[in-house]
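Participant: As a plain string of letters, each chain reads:
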Amino acid sequence: DAGVTQSPTHLIKTRGQHVTLRCSPISGHKSVSWYQQVLGQGPQFIFQYYEKEERGRGNFPDRFSARQFPNYSSELNVNALLLGDSALYLCASSDNRGTGELFFGEGSRLTVL
Amino acid sequence: AQSVTQPDIHITVSEGASLELRCNYSYGATPYLFWYVQSPGQGLQLLLKYFSGDTLVQGIKGFEAEFKRSQSSFNLRKPSVHWSDAAEYFCAAYTGTASKLTFGTGTRLQVTL
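Same order as they appear, the protein sequences are chains L and P. Residues 1 to 113 (the working numbering) make up the first sequence, in order. Residues 1 to 113 (the working numbering) make up the second sequence, in order.
Errors might be hidden in some of the hints.
Under the rule of at most 30 Å between Cα atoms (straight-line distance), these lysine-lysine pairs were calculated in the DSS-like manner [to be verified]: (1) K30/L - K61/P; (2) K49/P - K61/P; (3) K13/L - K52/L; (4) K30/L - K52/L; (5) K52/L - K49/P; (6) K30/L - K49/P; (7) K49/P - K68/P.
Among the chain P residues that face chain L by a calculated CB cut under 8 Å, a handful are [unchecked claim]: (8) Y27; (9) G28; (10) Y94; (11) S99; (12) F103; (13) G104.
If you want the footprint, here are the derived chain L segments under chain P, 3+ residues with CB under 8 Å [claimed, not checked]: (14) 46 to 56; (15) 78 to 87.
If you are wondering where the hints come from, they were derived from the structure by calculation, not from laboratory data. Note that the coordinates shown come from a computational prediction; the quantities given were computed from them, not determined experimentally. Each residue gets a CB set at the ideal place from its N, CA and C atoms; glycine is no exception.
Input sequences plus hints: build the corresponding full structure.
Facilitator: What follows is the structure, encoded as structure tokens:
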């Protein structure tokens with residue numbers, strides 16, 4: 001069975017641009033979460049979606065948005081990119097049993113110049 | 001505030017030696033606890049998890065962790081380290097009210113031959 005897949009794996013943007021990152025969860029998982037991992041730090045929670053509804057949001061500015069589609073895949077959008085948005089963006093899926101157990105993808109490495 | 005602390009930023013051990021990585025949590029109630037491993041440029045792989053019950057939990061790749069309520073700790077151990085264990089290790093905690101995993105800052109493990 002395929003795990004969590006993310007695209008693109010690497011991308012380079014310039015300040016002020018916007019970016020869209022995509023994620024497909026494990027088959028059967030209805031919950032998708034997004035995390036930002038800055039170099040040298042632990043992942044920080046951005047969003048959680050379940051059944052296309054936002055269930056949680058971390059301490060990130062409104063430039064960050066996300067959505068979940070009927071097939072449970074998800075997009076993370078970041079507008080007006082800043083240098084500080086350079087990070088590894090991780091998507092994770094879960095079966096929403098309420099245990100917090102997450103299965104992570106390989107991530108999308110975003111570099112903002 | 002709810003938090004996860006990994007006191008050791010960097011640990012070096014010789015191949016074949018034992019390993020213990022420390023993790024402490026600060027929560028009002030006992031959260032669900034996890035250890036993840038991350039190889040360079042990769043996503044996070046779940047090593048083991050603690051929900052309740054037996055305080056010594058076994059994981060993949062020969063790792064185990066012991067939950068100690070009195071010390072608010074969930075330390076990761078391995079009896080004999082292999083060179084392939086060199087990676088970044090993250091402890092994480094989950095409570096249902098927050099709908100998110102809270103990660104520690106990570107411990108980088110270096111293995112010398």
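Participant: It remains to establish, for every hint, whether it holds in the given structure.
Facilitator: Structure-based check of each hint:
no. : hint          : in the structure
1   : K30/L - K61/P : 28 Å, holds
2   : K49/P - K61/P : 14 Å, holds
3   : K13/L - K52/L : 28 Å, holds
4   : K30/L - K52/L : 9 Å, holds
5   : K52/L - K49/P : 27 Å, holds
6   : K30/L - K49/P : 21 Å, holds
7   : K49/P - K68/P : 14 Å, holds
8   : Y27           : 12 Å, violated
9   : G28           : 16 Å, violated
10  : Y94           : 3 Å, holds
11  : S99           : 4 Å, holds
12  : F103          : 3 Å, holds
13  : G104          : 6 Å, holds
14  : 46 to 56      : holds (count 3)
15  : 78 to 87      : violated (count 0)
Going through the hint list in order, the structure does not satisfy hints 8, 9 and 15.
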